[in-house]
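**Student:** Could you build all of it, start to finish, from the sequences and the hints given here?
Protein sequences appear in the order of chains L and D.
When we follow UniProt numbering, the leftmost residue of the first sequence carries the number 1, and every step to the right adds one.
When we follow UniProt numbering, the leftmost residue of the second sequence carries the number 1, and every step to the right adds one.
If you're looking for bench data, these hints aren't it; they were derived computationally from the structure.
Don't take every hint at face value.
Claimed, not checked - Which bits of chain L does chain D cover? Going by a derived footprint, with three or more residues having C-beta under 8 Å, they are:
no.: 1; segment: 57-68
no.: 2; segment: 71-79
no.: 3; segment: 151-158
no.: 4; segment: 191-197
Unchecked claim - Within a straight-line C-alpha distance of at most 25 Å, the following computed DSS-like cross-link-like pairs (lysine-lysine) qualify:
no.: 5; chain 1: D; residue 1: LYS221; chain 2: L; residue 2: LYS143
no.: 6; chain 1: D; residue 1: LYS219; chain 2: D; residue 2: LYS122
no.: 7; chain 1: D; residue 1: LYS122; chain 2: L; residue 2: LYS212
no.: 8; chain 1: D; residue 1: LYS219; chain 2: L; residue 2: LYS51
no.: 9; chain 1: D; residue 1: LYS53; chain 2: L; residue 2: LYS212
no.: 10; chain 1: L; residue 1: LYS51; chain 2: D; residue 2: LYS221
no.: 11; chain 1: L; residue 1: LYS56; chain 2: D; residue 2: LYS221
no.: 12; chain 1: D; residue 1: LYS221; chain 2: L; residue 2: LYS122
no.: 13; chain 1: L; residue 1: LYS122; chain 2: L; residue 2: LYS56
Unchecked claim - Here are some chain D residues pointing at chain L (derived, C-beta under 7 Å):
no.: 14; residue: PHE195
no.: 15; residue: GLY199
no.: 16; residue: TYR202
This one's a predicted model, so the numbers in the text were calculated from it and none came from an experiment.
The beta carbon of each residue, even a glycine, is placed where N, CA and C say it ideally should be.
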Amino acid sequence: MSLAQEAAQVFTATNIRFLFQGLSLTLFIAFISIFLSTILGTLLAVMRNGKNPFFKLIASVYIEVVRNVPNLLWIFVVFLIFQVKSVPAGIISFTVFTTAALAEIIRGGLNGVPEGQTEAGKSQGFSDAQILTYIVLPQAVRKMLPAIISQFVTVIKDTSFLYSVIALQELFGNSQILMGQYFQVGQVFMIYGFVALIYFVINFAISQLSRKLQKSWANSLE
Amino acid sequence: MSPFALERWQAFFADFGQFANGFLYTLEISIGALLLAMILGVVFGSLSATRNKILRGISRVYVEVYQNTPLLIQFVVVYYGFPLLNKDLVISAFWTAIICVGLYHGAYIAEVIRSGIEGVPKGQTEAAESQGFTYGGTMRLIILPQAIRMIYPPLTNQVVNLIKNTSTVAIISGADLMFTAKSWSSMNVNYIPAFVGVGVLYFALCFPLATLARRMEEKNKNAYSVG
Numbered sequence: 001m002s003l004a005q006e007a008a009q010v011f012t013a014t015n016i017r018f019l020f021q022g023l024s025l026t027l028f029i030a031f032i033s034i035f036l037s038t039i040l041g042t043l044l045a046v047m048r049n050g051k052n053p054f055f056k057l058i059a060s061v062y063i064e065v066v067r068n069v070p071n072l073l074w075i076f077v078v079f080l081i082f083q084v085k086s087v088p089a090g091i092i093s094f095t096v097f098t099t100a101a102l103a104e105i106i107r108g109g110l111n112g113v114p115e116g117q118t119e120a121g122k123s124q125g126f127s128d129a130q131i132l133t134y135i136v137l138p139q140a141v142r143k144m145l146p147a148i149i150s151q152f153v154t155v156i157k158d159t160s161f162l163y164s165v166i167a168l169q170e171l172f173g174n175s176q177i178l179m180g181q182y183f184q185v186g187q188v189f190m191i192y193g194f195v196a197l198i199y200f201v202i203n204f205a206i207s208q209l210s211r212k213l214q215k216s217w218a219n220s221l222e
Numbered sequence: 001m002s003p004f005a006l007e008r009w010q011a012f013f014a015d016f017g018q019f020a021n022g023f024l025y026t027l028e029i030s031i032g033a034l035l036l037a038m039i040l041g042v043v044f045g046s047l048s049a050t051r052n053k054i055l056r057g058i059s060r061v062y063v064e065v066y067q068n069t070p071l072l073i074q075f076v077v078v079y080y081g082f083p084l085l086n087k088d089l090v091i092s093a094f095w096t097a098i099i100c101v102g103l104y105h106g107a108y109i110a111e112v113i114r115s116g117i118e119g120v121p122k123g124q125t126e127a128a129e130s131q132g133f134t135y136g137g138t139m140r141l142i143i144l145p146q147a148i149r150m151i152y153p154p155l156t157n158q159v160v161n162l163i164k165n166t167s168t169v170a171i172i173s174g175a176d177l178m179f180t181a182k183s184w185s186s187m188n189v190n191y192i193p194a195f196v197g198v199g200v201l202y203f204a205l206c207f208p209l210a211t212l213a214r215r216m217e218e219k220n221k222n223a224y225s226v227g
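**Tutor:** Dropping the structure here:
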């Protein structure tokens, strides 16, 4: 069988649709997890930076315990606790881990804004919440954006664990299922290559977007 | 029996030898992968800081390809795919982990080194050149000593990520810490001690490094802030 014939067998409309169904689950899990993690991560970052010793302790323990253990372990743990192989289990496990990672990134960004900005805000009669919303956060977001985006890319890549652990049919999972039907070496590698390419295109586009934003902000500051 | 019963923990400690072996396996692949990643990171990081467009391009392609595709795909291609190409290309899970994690984190370390070098203000290079320093001399005497302080904290964080990512080998059944937890717990229907115990061992490896990285970062911030 020629390479073209092999390719024609692999890249049928049905197969491509099947892979893109996987992709949509990958993106769904990744985006929901990232959205929840950003909110919870900001909360933890503010708690760890704050003055209340109790909240500070809780936030510190959560962040350090969660981020110093592999993400894969949290997928196992969430699955074992909830005993369900489901999309919500996948979202929970990624939110647990990503919240801790984002909390540290966000805290670094908040601490990177000079103290004088807060003092200036106070002298103008801003409340603590107003200083955070109007003065500190907008500046901090610019500083931490590259790290946040690279964490987003990590989440999209790491959702590929979900098939092996809880059998979710995300992009990697569907590629493995598809591979079970093809036995020619060339066809197996076509599927590997095609799936890697899909991940690459999406993640590369996201990374480039962050680079563009950084550049335009750098220019606007000058 | 309650999931927190004492017997469950006794069973875990009775088989602790298996977990110790898993810990050693994780440690070995981490060290192997780190060596490979450091070599690749320094080489490609330096290439991306040169003035040669082709060398910079090669380095860019390496970094982007590895940073933007899942580590697990690289694992399955090497472990399951390569033997299909050639019967002699059978690579053990152990070496698959070292090669794949090394290549993957090499790309991240290259980026850390590149941004460290680029973080040193251009004026430093210009000043050195105006004083008649060669390119090599400028790098060695002026740029790198300043860049290295900016490189250490993110580099240490990369080591933490590398250790955590070696757990990917559990999916291709390499007998690391994660795989030991998975297989032992399902064989003995005893989950909590296995996952808590393994979590503690990973934490013992990663937490000191992550803390070191944070301390260095804080120290840098104070060293460079004005006033």
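**Student:** State for each hint whether it applies.
**Tutor:** Quick rundown of the hints versus the structure:
1. 57-68: Satisfied; 4 residues make the cut.
2. 71-79: It holds, with 5 qualifying residues against the three required.
3. 151-158: Holds: 3 residues of the segment 151-158 of chain L have a Cβ under 8 Å from chain D.
4. 191-197: Check passed, 3 qualifying residues.
5. D:LYS221 to L:LYS143: Given that 25 Å is the threshold and the Cα spacing comes to 14 Å, the pair holds.
6. D:LYS219 to D:LYS122: Roughly 23 Å separates the two Cα atoms, so the pair holds.
7. D:LYS122 to L:LYS212: holds, 21 Å
8. D:LYS219 to L:LYS51: Holds - the C-alpha atoms of LYS51 of chain L and LYS219 of chain D are around 22 Å apart, at most 25 Å.
9. D:LYS53 to L:LYS212: Within the cut-off at roughly 21 Å; holds.
10. L:LYS51 to D:LYS221: The given pair, whose Cα atoms are some 21 Å apart, holds under the 25 Å limit.
11. L:LYS56 to D:LYS221: Between LYS56 of chain L and LYS221 of chain D the Cα gap is close to 22 Å, so the pair holds against 25 Å.
12. D:LYS221 to L:LYS122: Satisfied, since the Cα-Cα distance of roughly 24 Å is no more than 25 Å.
13. L:LYS122 to L:LYS56: With a Cα-Cα distance of about 23 Å, the restraint between LYS122 of chain L and LYS56 of chain L holds, given a limit of 25 Å.
14. PHE195: holds, 6 Å
15. GLY199: holds, 5 Å
16. TYR202: Interface hint status for TYR202 of chain D: holds (5 Å vs cutoff 7 Å).
In terms of the numbered hints stated before, the structure departs from none.
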